[in-house]
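Taken in order, these protein sequences are the chains called A and B. The first sequence lines up with residues 1 to 421 when you count with this note's numbering. The second sequence lines up with residues 1001 to 1394 when you count with this note's numbering.
Hints listed in this document are in silico derivations from the structure and should not be mistaken for laboratory results. Predicted model, so just to flag it, every value in this text is computed and none were measured. Warning: the hint list may mix true and false statements.
[Claimed, not checked] Far from chain A, some chain B residues (derived; all Cβ distances over 10 Å):
| id | residue |
| --- | --- |
| 1 | 1025 |
| 2 | 1100 |
| 3 | 1259 |
| 4 | 1280 |
| 5 | 1362 |
[As the list claims (entries may be wrong)] To spell it out: a stretch of chain A is covered by chain B in this simulated footprint if at least three of its residues, at any positions, have a beta carbon under 8 Å from a beta carbon of chain B; those stretches are:
| id | segment |
| --- | --- |
| 6 | 78-91 |
| 7 | 325-338 |
C-beta: ideal position from N, C-alpha, C; glycine also.
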Amino acid sequence: MTTDGAKAGTTPEDAGKALQKQLLAEYYHSLSDEGRNGRKVAYLFVPGNVIELVRCFDMLPVYPEINALQCGIKKVAGELILQAENLGYSSDVCGYVKNDIGLMLSDRMSPFGQLPKPDLLVCNYSGCNTFVKWFEALAHFYGAELFVLDIPYLRERSPSTEDITYVVSQLEELANVCARVSGVPFDRDRLRHVLELSAKAERLWVEVLHTAQGRPSPFDAYFEAVFYMAPLNILRGTEGCVEYYRLLLEELRARSAENRGPIPEEKFRVVIEGPPPWPHFRSFWELFKRWGVCAVASTYSKVGGLFDQGIYHDPSRPLESIAEYAMNSYTNWNLGLRLDLLKRYAKEYNADAVVIHSTKSCRSFSVGQADFRDALTKEEGLPTLMVESDLADPRYYSEAQIKNRIDAFFESLTHRRLVGA
Amino acid sequence: MENPREAVIGKEFDEIVSVARDLSLDRDLSAVREWKAAKPGRIAIGAFPVYVPTELIQAAGALPVWLFGGGGAIDISHADSRIQSFVCSISRSTLELGLRGHLRVLDGVVFPSVCDVARNLSGVWARNFPAMFMEFLHLPQNRESESAIAYLVAEYRRLLGGLERITGCPLEEDALRNAIRSHNENRVAAAALLDLRRTTPWALDAWENYALLHGGAALEREEHTRLLRTAFEAARRRERKPKDRVRVLVLGAFCEQPPLELVRTIEEAGCYILEDDLLQGLHWFRNPIPADGDPLSALATAYVRHSPPSSVSHYRGTPRQDLLVQRCRELGAAGVVFCTAKFCEPALYDQVLYKERLEAAQVPYVHIEFEEKMSAFDTTRTQVETFVESILFE
Chain A
1 MTTDGAKAGT TPEDAGKALQ KQLLAEYYHS LSDEGRNGRK VAYLFVPGNV IELVRCFDML
61 PVYPEINALQ CGIKKVAGEL ILQAENLGYS SDVCGYVKND IGLMLSDRMS PFGQLPKPDL
121 LVCNYSGCNT FVKWFEALAH FYGAELFVLD IPYLRERSPS TEDITYVVSQ LEELANVCAR
181 VSGVPFDRDR LRHVLELSAK AERLWVEVLH TAQGRPSPFD AYFEAVFYMA PLNILRGTEG
241 CVEYYRLLLE ELRARSAENR GPIPEEKFRV VIEGPPPWPH FRSFWELFKR WGVCAVASTY
301 SKVGGLFDQG IYHDPSRPLE SIAEYAMNSY TNWNLGLRLD LLKRYAKEYN ADAVVIHSTK
361 SCRSFSVGQA DFRDALTKEE GLPTLMVESD LADPRYYSEA QIKNRIDAFF ESLTHRRLVG
421 A
Chain B
1001 MENPREAVIG KEFDEIVSVA RDLSLDRDLS AVREWKAAKP GRIAIGAFPV YVPTELIQAA
1061 GALPVWLFGG GGAIDISHAD SRIQSFVCSI SRSTLELGLR GHLRVLDGVV FPSVCDVARN
1121 LSGVWARNFP AMFMEFLHLP QNRESESAIA YLVAEYRRLL GGLERITGCP LEEDALRNAI
1181 RSHNENRVAA AALLDLRRTT PWALDAWENY ALLHGGAALE REEHTRLLRT AFEAARRRER
1241 KPKDRVRVLV LGAFCEQPPL ELVRTIEEAG CYILEDDLLQ GLHWFRNPIP ADGDPLSALA
1301 TAYVRHSPPS SVSHYRGTPR QDLLVQRCRE LGAAGVVFCT AKFCEPALYD QVLYKERLEA
1361 AQVPYVHIEF EEKMSAFDTT RTQVETFVES ILFE
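Full structure from sequences and hints, please.
Structure (structure tokens):
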């Protein structure tokens, strides 16, 4: 991997963007008929995923959640969801699942090309019960093998020895399944190397996140972070991924040095909890921008890993560190830990308020958020705004209603500032 | 309230059902209050559905109390400020019961892994009732893993550790063996009623069976077993003749419970319900759990190896939808009535797969969605009558 673009005088910003574009194009090409080159395909979920292990068997990862969010952004999710509902899926179940079923019914033609069928479904059951139901359905429809990697919920502050033993033992069993499906033997040295690359990218990503502590923040830690985190979720464990975060960090440091942020003037710093409304992503962002709101920390950008909480992959403890990583996905944390994290973010990033976007589809994220609001306002005195829509289903987004709530909230914050409250 | 054991002795079947019904409707858990009052220092622990090894709670000297929601008798107001409206009734009404003080008699609650809503409810519970013992039990979803049993033993030990802290007494293995025995006897008594329904469905209605089981949710197992046995004998004394009804299975209400009237409506619309998954946690195992040897290991092995097909427990073996078709054939059921709680994701996902498989096997089905507060059943009656007619006149 080179950084010729940066050296030739283009900004790191351009070089980073170009590299991400190139890496993702290569990734999607690898999934195509001509790009797969005989390699087997493993479907994975993002939270607590075991991409490092899967990579050791030359298997290509496909992330149905990422396909679903891309369909949301490209505004094709609504149609796909309807197809799944015609098959019998209820209007009350997760839009991501229905989007994926809709894709399956459409011969897997996505806005970024035709997706391959799964050879193996690796259900890394971390933080979301729907994952199990989702892949049980795919196993039924595709006739593909399903391995449920059971990741115990984080009931205490950290995983117990028994939890880790259980997950590690399953990882060994999964490695056997991967070797059988792919025909590639398990090479533990290769796993260590892949983990080393993951850890490098993770540490750079944490540095990226920390730049938002500056004032103004050089980037929006929600609306921009969701794009910045894509390589970490899709390409972790590769040289390209490390290089991308090196360039991104360089870019953000340059922005910080010039006091440049994502909006002309940073008036409010907020912590955002919950996934974005993908089908209305841009307009949702605009509703905040017009008030000079910048997200300085978010929980959604941690669904792929709570690296900033000191949880990194470790080549010296390969399977144990994968197990610890998987147990520490954000929605696998109990609500007490999640609430503490929100409070910590608000302090560490000097936030003025917390914004909660509650989504019907994702109960794992959303159930309990109303209680968060209660705790944040009453116990912490932190102004907290809660708005509701959905992450996938465009029918649940009511722009006028959401705008009213956002306007009223920031109007009141403005007023409080004026009167010095 | 009169002691249920005395209340049912020598009574006719209808009266026994009525006693059980009253117990199931008692939102203030008076039976639990009386049980606690009988001996100072007693504690009671709630168990949220679907499956909790209540043997552990009993072995710790506490009374396990199944929490099956508000049953439509409570308006949701306080809970709305804690959890959103797009979740099932049982989660909202259980929280409402707690916030209104109806569950103060409980010293703790155990939430097992069921779905994301119930799991997160455990966190809301912990924050809102800090004085109450709360434990979330992560039951293994990879039951084929070689380490699943060892993991579950450790998980049960963790729960026991918590229970020991609040009771102040270390657990004795014999107490656990006795708890396993009394739970086994209870399940045998419940199975006898179910067998009666399966073989001679006119002898016992599903709604009656439902009331008898539900009535035991807050009783000591031994006491409930006596109630079930008395009911069984009384049911056999009844002389009832077969009716021209269609034999069906009812599936989908394994966690949140439908109004009893809904079950009754399905039957009155022309169905014999041979089997259902109502109150599934109360009769989770079909076979007794060995009470000799290492009791914790026996309990964990039973869950990992012998759990019934369930939408909340993944199993890599024969898919649930195939097992459903097999079960229809074994029992001679002519169709399936899906009875699912509004917003219940595990049931709603599985239903798509069930329906597809039933269609391929040409087994008719009908789907009813319910909420705890459902009070009008005319539409359901018409829906089921049409379903029955379609089977009878096909």
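(request) Just double-check residue 1025 of chain B for me: nearest Cβ-Cβ distance to chain A has to come out over 10 Å. (result) holds, 27 Å
(message) Over 10 Å from every CB of chain A: does residue 1100 of chain B meet that, or does the non-interface label fail?
(response) It holds; residue 1100 of chain B is separated from chain A by about 16 Å at its closest Cβ, greater than 10 Å.
(message) Can you confirm whether chain B covers the segment 78-91 of chain A, using C-beta to C-beta distances below 8 Å and requiring at least three such residues?
(response) It holds: at least three residues are needed, and the segment 78-91 of chain A offers 4 whose Cβ sits within less than 8 Å of chain B.
(request) Compute the least Cβ-Cβ separation between residue 1362 of chain B and chain A, then decide whether it is above 10 Å. (result) Holds: least Cβ distance 17 Å, greater than 10 Å.
(request) Count residues of the segment 325-338 of chain A with a Cβ under 8 Å from any Cβ of chain B, then say if the count reaches three. (result) It holds, with 4 qualifying residues against the three required.
(request) Could you check that no beta carbon of chain A comes within 10 Å of the beta carbon of residue 1259 of chain B? (result) holds, 20 Å
(message) The output says residue 1280 of chain B does not contact chain A. Does that hold with a beta carbon cutoff of 10 Å?
(response) holds, 17 Å
The structure agrees with every numbered hint stated previously.
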